[in-house]
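Residue numbers (this note's numbering), protein chains in the order written: chain A, 28 to 136; chain B, 29 to 363; chain C, 4 to 357; chain D, 6 to 606.
No wet-lab data here; the hints were simulated from the structure.
Heads up, a few of these hints could be off.
Straight-line Cα separation of at most 30 angstroms, DSS-like style, residue types lysine-lysine; simulated pairs [unchecked claim]:
#1 LYS147(B) to LYS140(C)
#2 LYS244(C) to LYS279(B)
#3 LYS244(C) to LYS190(B)
#4 LYS319(D) to LYS56(A)
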Amino acid sequence: MSWGYTINRARDIDMDRNDMTISKLILEKIPSLQGCIACGACVATCSTGALTKYSLRKVHTLVRRGEYSGLLDELNKCMLCGKCQLVCPRGINTRAVISLIKRELGDHR
Amino acid sequence: MNKEVIIIGGGVAGMQCAISLAEMGVKPTIIEKSDKLGGKLNDWYKLFPTFTSASEVLNPLKDMINELGVDVKLSSEVTKLEPKSVTLADGTTMSADAIVICSGFEVFDARLKEEYGYKIYDNVITSVDLERMFCEGSVQNLDKNSPSRIAILHCVGSRDEKVCQTHCSRVCCVAGVKQAIELKELYPKSEIFNFYMDIRMFGCGYEELYKEAQIKHNIHFVRGRISEAAQTIDSKIQIKSEDTLIGRPLKMTVDLLVLMVGMSAGKSNNSFATTDGINLNTSGFISPKNIFTECVSSDVDSIFYAGTVTAPKNIGESITEGVAAAHKVAKFIKL
Amino acid sequence: MARNNSWQEYQKDIADDKYFYVRSCIRQNFFPGSERVFLNILRNDLGLDVKEEAIHTSCTGIGYHSDIVPLETIMAVVARQFALMTEAGYENFISSCITSFGIYTEILETWHEFPETEERAREDLYKATGRVFNKPKNLAHTSDIIFHHREKIAQKAKFRLINSKTGEPLKVVDHIGCHYAKLFPKKGVGGSEFPYVIAGMVDSWGGDIIDYPERRHCCGFGFRNYLVKANRGSSVANSQKKFESMAPYKPDLIVGNCPGCSMFLDKWQYTIHEIEGVAYGENNRGIPTLTYEEMAGLVLGYNPWDMGMQMHQIDVEPLLDKMGVNYDPAEKYLGVNGEYIGRPEDASINTNCY
Amino acid sequence: MNFYYDHFIIPFIIGVAILFSIVLYKYVRWITRLPKRDKLLIRKNIFTRKTLSAIQEVILESLLHRKIFRVNPLLGYMHMSLAFGWFLLIIVGSFEAAVHLKGEFLPPHAHVFYKFFAPKIIHTESGTTWEFIMDFLLLFVLIGVALAWGKRAYSRAMGIKKSTKHTRADRIALSALWLIFPARLLAESFTSGVRGGSSFLTGSIGNFMVDLLGWNTMVAIAPYTWWLYSTVLAIFFIFMPFSRYMHIFTEIPLIFLRKYGLKSSDNKQKSFDHFQIEACSRCGICIDPCQLQSAAGIDNVQSTYFLRDRRYNKLTESVTNNCLMCGRCQVKCPVGIDLNTLRLNSRHSFVSTSKADADNRYSYLNGVDLSTGSGRVGYFAGCMTSLSPKILNAMDKIFAAAKEDIWYADKNGGICCGRPLKLSGEIEAAQKMIDLNTALFEKHKITTLVTSCPICLKVFKEDYRLNGVEILHHSEYISRLIKEGRIEVSKSDLSYTYHDPCELGRGSGVYEQPRDVISAIGNLVEMEHNRESALCCGSSLANLEIRDDQQLKIASQLGEEFKQCNADSMITSCPLCKKSISRVANGKVEDICEIVANSLK
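Please put together the full structure from these sequences, using the hints given.
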């Protein structure tokens with residue numbers, strides 16, 4: 028039977044169901060990532076962000092909440108130029124964060 | 029010297045004010061409504077940002093009060109305040125040359141934020157309850173050996189017009205960070221999430237403590253106010269907020285929800301404000317004469333303030349105001 | 004489970020007798036017996052005075068919430084309802100619909116805060132109809148009235164919300180319409196967080212109320228959501244969220260006090276089963292969903308088929324069996340005059356059960 | 006016919022057989038697997054002077070260890086005495102055996118155990134001379150062994166602060182090596198003692214032993230000493246191909262192949278890499294220059310460990326990525342291994358991005374042109390430079406003073422040069438940046454490309470195919486402007502020290518132009534480490550693992566040298582270096598173009 032609509036999926040981040048394995052592993056390897064204060068300097072200076080919707084701040088926050096879908100494509104836009112690392116007030120090695128997340132999300136062999 | 033100074037309230041500000049006055053040769057009288065000196069500090073475990081025991085601050089003050097022979101009237105409540113006298117609940121009237129109001133604040137009644145289920149669900153507690161549990165050495169329903177999830181909600185009774193608390197209570201941010209670290213140390217396997225609207229680390233060493241909580245203790249900070257809490261079938265608490273940094277609603281089930289209750293204006297402020305020259309601000313704290321230069325003075329020459337009666341403050345600030353008020357009193361009574 | 008008594012802080016005045024009754028636009032289609040049962044209970048079982056005017060109209064709330072009816076118009080309509088009450092010599096206004104209850108409450112509050120709007124409404128009403136009105140002395144939803152008289156009903160109860168085989172209390176999910184107390188928490192029994200209006204009835208009649216996490220969540224009705232077909236996915240998703248959340252508690256029935264909620268909580272169970280193949284309730288046959296009047300009727304021993312319970316999407320027979328209510332399966336599809344009213348096609352969620 | 010056989014030679018024979026079969030197997034395999042182009046190079050160059058030059062280098066490096074002498078004479082002597090000494094022992098020993106044993110056929114072991122097989126005591130004058138020479142050579146080697154023991158105990162004496170942590174195979178081979186010559190000394194001394202004769206070393210020790218133990222005991226023990234010698238040799242030979250000592254042989258073909266023009270490649274692991282990797286002796290000279298070790302206490306990623314892990318297929322991404330690629334170790338490597346290239350192709354091996362992936366990922370950059378201006382001189386400031394407006398302003402001032410018409414490639418943001426991606430092994434992705442930028446440069450028809458960022462400079466020079474476009478770092482460009490008189494600067498009394506950015510100095514060989522510029526403006530004071538040995542600022546984009554606090558510690562080393570040289574200001578010519586040194590410096594840190602702009606006449 029055609030209903031003309033489907034049941035909407037919940038938009039909420041369900042921390043009870045999300046698989047936190049990758050999230051935990053990343054925080055274990057780069058604990059400083061947890062120190063992000065969401066100032067957004069990385070996004071403001073981002074060469075990629077000037078041309079696309081890519082936001083490292085948002086991407087890593089999603090990872091830390093166990094939401095991974097679509098993030099690899101986002102991170103793959105990054106040119107690794109390192110400006111974000113230079114402006115980060117909490118001294119997070121953002122390039123390491125990007126590489127690690129990409130690796131854990133299956134970019135590398 | 030036969031000048032009389034009455035200090036209303038025997039918390040840290042009142043005690044320090046009394047000590048400073050006594051050191052200058054005045055014999056002040058502290059009127060304390062509870063049965064002991066120390067105020068809220070009696071219920072605190074360790075103090076941010078240094079994890080100093082509350083008793084390490086409180087005991088020296090108490091010792092000084094004893095040493096200096098300050099007159100302390102316990103279990104006495106001021107029911108009427110006049111420029112040169114106070115009337116106590118038992119009907120006695122005491123006259124004074126100067127009065128220092130150090131009556132402090134009230135802990136916000138978390139029951140008013142009904143949606144968080146305080147006193148309705150067993151696993152919703154306040155930061156004040158948690159301090160008591162730390163003093164007792166363990167937190168209810170948490171097991172050291174099994175992982176648990178704990179949510180700490182900041183700004184309960186602060187910055188919330190729905191409960192007529194428009195002000196920021198200032199210290200809860202760092203207290204929440206402190207308690208998160210203490211919980212993590214007590215329950216190393218637990219996962220702790222602090223839900224905040226803004227993190228306001230105004231004091232020396234506070235920001236460092238915040239960073240330590242994040243990086244060293246892996247405490248999660250989620251920017252978003254929990255909007256509701258509900259009990260699940262296994263007596264856990266399901267909470268909902270938005271992760272505003274992502275822009276999506278977030279929900280999770282926690283074993284314990286700690287509400288960082290803010291500072292509400294003292295209940296007695298209203299009755300003090302019936303005296304001419306004593307005015308309340310929007311959140312019910314008493315407005316000092318001038319928040320820059322006369323922050324311990326009132327518009328009544330003989331009435332002074334110290335501590336959180338005028339606004340939320342930390343312990344150091346309250347003690348400093350105790351000294352400042354003593355100085356102003358001394359000048360007023362022409363020591 | 005922590006027992007919640009916070010509802011006691013949210014008490015409202017409810018009149019004891021002499022009610023002026025206005026109906027819901029849509030309930031008579033979904034739960035056609037409920038309003039009649041309400042009147043019967045009040046008039047016959049409790050011996051109270053309820054006045055109903057045939058010429059009252061829709062409150063136009065659905066149009067209002069869908070941005071079709073302007074505020075001035077709905078105020079005039081509401082003023083007319085009050086005028087009918089005034090003309091009939093009544094002061095206690097009761098509404099069968101939660102949307103309407105919300106509208107009346109909102110408009111009375113608006114008139115209170117902005118008296119000029121009341122003046123305007125009086126003027127408009129007078130110009131249009133020549134009527135004048137007094138504001139009701141007491142405004143209540145009909146569930147408030149049942150709540151108010153719950154102990155009297157309990158005394159007359161023929162059945163209780165108890166599993167007659169095991170003696171265990173039935174597990175009841177209550178669902179309170181959003182516009183009952185979420186707009187003005189003080190205007191609802193128990194406020195918005197821990198509403199007690201249905202829970203109070205359940206407590207008095209022997210059942211156990213379930214406080215499940217999504218208890219306060221909207222059923223998804225939300226005017227614009229179900230009115231526009233493309234948005235219905237959102238509507239049903241909200242109900243699904245509630246079902247998922249209540250399922251672990253294995254509720255025996257759902258009771259609503261809002262026309263739309265009760266209807267959707269009943270019918271979406273069928274929709275969800277058709278679309279996703281997921282069924283809730285015992286034996287995957289759905290959770291019976293009742294109106295509070297039907298629940299009160301069952302307690303008082305009314306014939307379920309007289310109350311129109313055959314019109315439910317989810318079969319109510321398992322519940323009737325649990326309560327020990329005697330019913331004649333053969334009568335299910337007989338109308339008021341004993342005529343066969345037709346039997347709906349079987350749906351997957353309740354195929355050939357009864 | 007004499008086979009010079011005794012049972013004790015069996016271990017030795019087995020050892021030699023295993024050693025040579027493995028080494029041969031490896032070399033044949035590696036050489037046959039070389040790509041066509043490499044094989045062609047060998048064929049083309051084998052009969053040229055390059056072979057002679059290779060032989061010369063083998064003697065200088067593999068035997069005499071000239072480069073190690075430069076690091077530290079004592080360390081050089083140790084390596085030289087072991088390598089060259091042993092080599093001479095073999096050569097001279099062979100002649101000695103050939104002269105005295107006089108068999109028509111001399112099996113290879115005959116000279117090794119010559120003392121045992123020598124038919125009688127040789128009292129001839131020539132025999133004594135041979136024996137003297139052999140004893141002398143043995144002593145020469147033994148001193149080397151003693152130094153090696155000493156180095157283990159106290160490496161600082163040989164200029165090495167931190168020595169290599171070895172694998173188990175290395176330890177066994179090392180222990181065997183240390184015992185070979187003492188064992189030989191023992192065996193030859195015992196035999197001399199029993200039979201008499203021999204020169205100052207073995208003869209004297211032999212006689213002393215006879216006095217000490219008595220002749221009969223000596224006779225009883227002597228055969229076992231030869232067993233010991235043979236066994237120790239065998240152990241060393243068997244472990245040699247699996248241990249660091251594989252370098253002894255591998256360095257030789259490496260030198261030849263290198264002379265023939267074979268190179269490792271950034272984006273492909275090739276068979277030639279084996280020669281480089283197994284030529285590493287794990288001498289540990291690369292450890293001390295590594296600031297990750299000296300400043301940040303990271304001690305498992307240095308080139309010696311990287312090559313070791315790669316050789317044994319134990320390389321992790323984390324070790325591979327934890328390197329600044331500053332090149333400080335590479336300039337010190339006595340074997341001249343191309344460490345950065347090997348590191349890079351290892352990084353690349355962890356990446357699976359294809360060209361199609363890269364096209365897809367960066368499709369948002371297609372057609373992006375944020376450039377301004379219309380000059381023939383292109384200025385590519387670089388991403389990092391955009392965070393240093395002082396550099397941008399200074400360059401603008403200089404361009405204006407020189408009346409240069411500039412095309413600004415990235416004034417409003419732009420496409421990264423690709424070097425950071427390349428450094429992380431994302432070479433295909435980097436290629437996309439290269440293609441995009443190349444197209445931009447071609448579109449705007451520039452003839453000169455000036456950049457303020459050495460990171461960009463390096464990739465422009467090495468990976469971009471910009472026909473007819475001259476590529477300059479701004480320090481080179483400014484130096485030229487001054488020389489050509491297009492800008493004039495005034496000299497002050499201020500003293501400046503200059504920090505060589507890794508990618509500009511060691512990376513691109515630009516050392517003198519910045520110094521010329523500084524000297525034209527003020528007085529140049531060198532820091533302790535300069536030019537080839539300059540310190541890294543720690544912020545290198547090549548390191549994908551390092552923490553901020555570790556970077557800070559590395560930068561602090563530079564801060565310290567700055568303080569010690571007492572200059573008024575530290576000049577660098579990289580925006581990234583400037584930022585990272587500024588965090589720790591006690592004085593002013595400026596880009597070279599800033600001081601130029603400020604002293605323009």
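Results for each hint:
| no. | hint | result |
| --- | --- | --- |
| 1 | LYS147(B) to LYS140(C) | 35 angstroms, violated |
| 2 | LYS244(C) to LYS279(B) | 13 angstroms, holds |
| 3 | LYS244(C) to LYS190(B) | 27 angstroms, holds |
| 4 | LYS319(D) to LYS56(A) | 20 angstroms, holds |
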